[in-house]
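Chains as they are written, first to last, in the numbering used here: chain R, 1 to 457; chain C, 1001 to 1345.
Honestly, I wouldn't trust all of these hints.
What the hints assert, rightly or not - Footprint (simulated), chain C over chain R, 3 or more residues, beta carbon under 8 Å:
| no. | stretch |
| --- | --- |
| 1 | 120-133 |
| 2 | 400-413 |
| 3 | 426-439 |
What the hints assert, rightly or not - Here are the simulated lysine-lysine pairs, DSSO-like style, with alpha carbons at most 27 Å apart:
| no. | chain 1 | residue 1 | chain 2 | residue 2 |
| --- | --- | --- | --- | --- |
| 4 | R | K210 | R | K437 |
| 5 | R | K222 | R | K437 |
| 6 | R | K219 | R | K437 |
| 7 | R | K437 | C | K1113 |
| 8 | R | K45 | C | K1325 |
| 9 | R | K363 | R | K437 |
Hints are computed from structural coordinates only; laboratory data are not their basis. Keep in mind that this is a model prediction, so the values were computed, not measured. Note that the Cβ used here is the ideal one computed from N, Cα and C, for glycine as well.
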Amino acid sequence: MESLVDHVTLSRLQFALTAHFHILWPVLSIGLSLFLVVMEALWLKTGNIVYYRHCRFWSRLFLVNFTVGVVSGIPMEFQFGTNWAPFSVAGGDFFGHMLGFEAAMAFMLEATFLGIMAFGWNRVSPRVHFFSTCMVALGSSLSAFWIMVANSWMHTPTGGVFIDGRFVITDKLAAIFNPDMPWGVSHMWLACIEISVFVVGGLSAWYILKGRHVDFFLKSFKIAVIAAIVVTPLQILVGDGSGTAVYEHQPAKLAAIEAHWETNPPGEGAPWKIIAWPNKTRQDNDWAIEIPYALSLITTKSPTGPVRGLREFPAEDQPPVLLPFYAFRIMMAVGFLLFFLMLWTAWTWYRGGLDADRIMDRKRLLLAWIAAVPLSYIGMETGWITREVGRQPWILYNMLRTTDAATNMPASAVGGSLLTFAVLYPLLFALFVYFAKRIIAAGPAEAVPPPPEAAGA
Amino acid sequence: MGLIEPYLPDIWLFIIGFFLLYYAVADGYGLGVGILSLFARDEEERSIMMESIESTWHDNQTWLVLLGGMLFGAFPLFYSLVLSSLYIPILLMLFGLIFRGISFEFRSNSDEKRTWSLSFGFGSLIVTIAQGFALGGLLSGLPVKDGVFAGSVWGWLNPFSVLVTAGVLGGYVMLGSNYLILKTHDEIQQRSYRISLLSSIITLVVSVTVHLRIVAMYPHAAGKWTHPPDCYAVWAFVLLAGIAFVLLLVSLEQRREIAPLFCNMGIILFSFVGMSVAMYPYMIPNVIASPLTVHSVAASPDTLWFMLVVVMVLIPLILTYTGYKHRLFRGKTTESGYESERGHG
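One chain only, chain C, in its complex shape:
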C-alpha cells in the first residue's frame, strides 16, 4: 500500500474517468436516439427507435448512478461542490430522467403510444441540455471560497456554456445516429447516415471552438499544449481523435454498419483523454481563486484503498454481465422487434 498510496487519488481519477466515459458513450447513444425520435416520421418509426434501446438503456443509464456514488465516495468535496453549485442544471437533469425513465414501461402498458414516445424524446432532450450546461458550468470555472461554492446559482448560464451544450447535443445525436445505423435498416438507417455526417461536422467545429476557449481561459491548460513532455501526450491524443474522425467520415461514405459507432467511440475516448491530460491535476478549474486539484478533493487514503479493492473485483464482474447482455440483445430492430417476443402475462 505504501508505494501506491500517494497515487490513490490519481488511480481514482482514472476509474471515475472510465465511468464517465462509459456513461457518456452508452447513455449518450440512448439519449441521442431519444432526441432523434422527436424527428421521426411516424409512430412506427419512433417505435423502432425506442425498441432499439429498450432492453439495454436502463443498465446504460445506471452508469450515471455508479458514477454519482463513486464520485461521492472518492471525491466528496468535488461531488458536493459541483452538485451544489450546478443546482439548477443537475435538478433539471433529474427531472428529465424521470420523463425518460417512465416512458418505456408506461408506453408498453398504454394505448396512447404517442404521449410516451414524446415523454421519451423530450425527456432525453432535457437530460442532454442539462448535462451540457452542467459541463459548461464546470468548465467555466466554479468560484470556491473555503471549500464552499461562492458563486451565483445562475453562474452556469453563459455564452460559453451554451456552446458546450451545443457540443454535447451534437455529440449525442452523432452517437445516436451511428447506433441507429447499426440497429436498423432501410429508411431510418439511410437517414441516420446523413444525420451522422451533419452532426459530426457540427460537433467537430463546436469542440474545436470549446478547446480554443479553454486554452484562452486557463494559462495552465495552454501550457500543456506547448511545453514538453505533456504536449506530446496532448498532441498525440488530438492526432488520434483526428484519425478516428477521418475514419468515421470514410466509414459513413462506404455505408459501413458497425464501423461508424466504433469510430465515434474512438473520437470521444481520445478527445476526452486529451482534454483530461490538459486539465490535470485540476478537477475544478477556477479563474478567480486557486483551483482545486485531484488530491485536495479526494477522500482519505484508507477509504480510497478500501474502495479500490472492492471496485477492482466489481468492475470485471459488471463488464462481464453487461457484456453478456449486450450480446444477448444484438441484431437489428424491426417493426415486429422485441415487441412480439414480449408477450403479455
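Isolated chain R, as found in the complex:
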C-alpha cells in the first residue's frame, strides 16, 4: 500500500470526495425534474391551480439543488485531465467522447431550457414552458445515461483493443453497449427516481406532520407513494440483475463484496455472510455469520452453483474487501427498508389511513418517511462505494491499474487542491441546507396568480 501522502493516494481521495459530493445533487435534479413534468402536465390538463403552486414550490428547491450540482460537476469533467492524465490518454478514445456527448446532447439542453423554466413563466406560453420543463427532464436523464455509459465501460471495457497503453475502439456500439451498461444505467437512474420519490414524500410528510398545508402536501405525498409502489420493488430486481452481471464479468469484485475467499467445491453451496470480519493477510474471514447455500442461490440461481473465491486471484489483483462488503450490506438494507416502508404505506392507504382527516394520526408512518430521506441518500452513496472500490485495483478493468493512471506531480499540489475542496464542499453543503431550510420553512406561497395566458384556467 502506498503512503498516505503520495500523489496517487491524494488524487484518489480527491476524486472520492468530489464524486461522492457531486452525486448528491444530480440524483434529485433527475427525479425532481420528472416530478415537475408530472405536476405541470396535471396543471395544464386539469387547470387546477394547486398543481401550478406545486410546480412553483418544488422548482425553487430544484434550482438551489441544481446550482450545487452544476458547480460541483464541472470539476468532475476536468479532473480526468488534471489528476488522471495517463488514464485520459489511455481511455480518451472512448471515455472522452462519451463526456463530450453528455455535454453536447444533455447538459447544454438542460442548462438552456432551465433558464426558460426558471425565468420564463411570464415570457412564454404555458405550452412552451411545459416543453422547457420536459427538455430539462430529458436533458438530465440523458446526462445520467452518457455518464453511466462511460462509467460502465470502466467496469467492462469492451469494443476495442488495448495496445501500447491505449484503448483503441474497434466497435463503438459494443463499447457503448458494454455488458455492465444496461445494469449500470438502469440501477442508477432508478436510484435517482427512488431518492426523489422519498425526498418529495418525506418533505410532504413533514408538512403534514406539522399540520401545515395538509391538503396541498397530501397530493404530492400520494403521488410519491404511487411512484414508490413501482420503483422500490423494481430497484431490488434490477439490483439483483446487476449483481448477476458482476458475477459474470467481475468475479473478483463479487467475491470481495461477499467476503467469499474459497471457491465452493462441486456439489456444495457457497454460503452468504450476513456479517463477517474479512482479513486480507490471512485470506480468510476471522469470523462470519452465514446462511448456507444462499450465495450460490442468489448469484447462480442454483443452491450449489460455483462461485469463485478471492483466493483464486493473485493478491495484487484483489480489491479491498472490508469496504465493499459493508457498503454493499448497508445499501441492500436501505433498499429493503424503503421497500417495506412502501408496503406499510400502501397497506395504510388501502385501509383509508391516508385520508385527510386521519393521516395526521399516522405519526410513526410520517416520521418513517422523513427518516427515509437521508436513508435513501446513504443507500446511493454506499452503492457507489461498493461499485467503485470493488473495481480496484483497476481503473480500467483488467487493463489499466489505478496506480498507473494518476498524473505524476508533486503531492503538495494535489494536497493543496484536496484541502481546498475539503473546505469548500462542506461550506457548500451548509449553504444548501441553510437555503433549503428557508424555502421549506416559508412553504408554498398561498396566492400565486398563474401567468395571465394560463391554459385550462
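We have chain R; now place chain C onto it with these hints.
Same frame as chain R, but now just chain C:
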C-alpha cells in the same frame, strides 16, 4: 470517409476552435460583467448588472463544459497534457467557477444580497485570472517528454503569462462593458462607453506585445508572418481585426448600442483565427523538445469520424435553441428587471 480521413484532426481543430471562440465571447462578456460589478456604485447597480446576464450566463458557461468534453474526446493527449501541466490555474478556475456559479441562485434566496454579489464579482475575477495564466502557460510552451509533462507545477507563472493574463482581463472587461452598453441605459451605460474605450486601448497594446513576443519565441510562427502563402492569410486577418477595432472606436464615439459588441466579437474572431493560422499545425508549442502537432494529439480516425457525425447534427440544434433563448431574453435590464417577473412559488 477515405477522402476526408487525413483531414479529420484538422476538421476537429476547427470545431474545437469554434467552441473556444463561442465560449470566450459568450462567457467572456459574462465574466467581464462580473469584474465590472466589483466597481459598481451600489447594490442596485450590481443588481442590474447581474440581472443582465441572469437568464443566459449558465448556458454560456456550459460551452466550457462542451469544450472540455469534446477536447477530451478528439484530442485526448492534448487534453491530458494541458490540464495536468496547468494544474494550479485550472483548479483555480474550477474554484472560481464555484463562487460564481452559486452566486445567482443563493442571492435570489438570500437577504444578504451584497455577499453574493461579491461572490459573483470575485468568482468572475478568479476565473478570468486563472484562464489568463492557463493560456499564458500554454503559449509559453509546455516541456513534454515521451507524451508526459516534464516541467514544473509552477511553470505557468512567468512575466509573459502575467502579460497574457492582463490581456485576457482587458478583453473580458471590454466585452463586458460593450454588453452592458447593449443591455442597460443611463448611468451604467454611459460609464460602460468610457470603460470600453479605455479597456480596448489597453487590450490592444497588450495583445500586440503578446504577438510580438510569440514571434520572437517561435521561429516557426515568425515564418508564418513573412513567407507566402501563409503570410497572406495572417496579414489579412490582422487587417480585418484592425478594421474591426477602428469600427469599434467609431461606434463608441457615436454612442451606438449594438455595434460595439459586434465589433468586439469581430476583433476577437479575426485575431483568434490569425493567431491560429500562425500557430498551425502545432497545438502545444514547445521551445525545448519537439512541439506536438494537431495530428499527433488526436484520437483515432474512427472516433473522430463518429464524433463528427454526431456533432454535425447537434451543433445546429444547439445553436437553434440557444438562439431562441437569447431572443426570448433580449431587451434592456432595468431595476425592476427580471426580478419582478420571477415571482415566488
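(message) Against the 27 Å threshold, does the CA-CA distance of R:K437 and C:K1113 hold or violate the hint?
(response) With a Cα-Cα distance of about 18 Å, the restraint between R:K437 and C:K1113 holds, given a limit of 27 Å.
(request) Count the residues of the stretch 426-439 of chain R whose CB lies closer than 8 Å to any CB of chain C, then report whether that count reaches three. (result) holds (count 5)
(request) Would you mind confirming whether the straight-line C-alpha gap from R:K219 to R:K437 stays at or under 27 Å? (result) 21 Å, holds
(message) Holds or violated: R:K210 and R:K437, Cα atoms, limit 27 Å.
(response) 15 Å, holds
(message) Hinted pair, alpha-carbon criterion (27 Å max): R:K45, C:K1325. Please report holds or violated.
(response) This hinted pair holds, its Cα atoms lying about 26 Å apart.
(request) Given the hint that R:K363 pairs with R:K437, test it: the Cα-Cα distance must not exceed 27 Å. (result) Measuring from Cα to Cα gives roughly 21 Å; hence the hint holds.
(message) Check the hint pairing R:K222 with R:K437 against an upper bound of 27 Å on the C-alpha distance.
(response) Since the Cα atoms of R:K222 and R:K437 sit roughly 23 Å apart, the hinted pair holds (cutoff 27 Å).
(request) State whether the coverage of the stretch 120-133 of chain R by chain C holds or is violated, taking the criterion as 3 or more residues with Cβ-Cβ distances under 8 Å. (result) That given contact holds, which follows from 5 residues of the stretch 120-133 of chain R lying within Cβ reach (below 8 Å) of chain C.
(message) For the stretch 400-413 of chain R, count the residues whose Cβ lies under 8 Å from any Cβ of chain C; is that count three or more?
(response) It holds: at least three residues are needed, and the stretch 400-413 of chain R offers 5 whose Cβ sits within less than 8 Å of chain C.
Every hint, counting from the list given before, is met by this structure.
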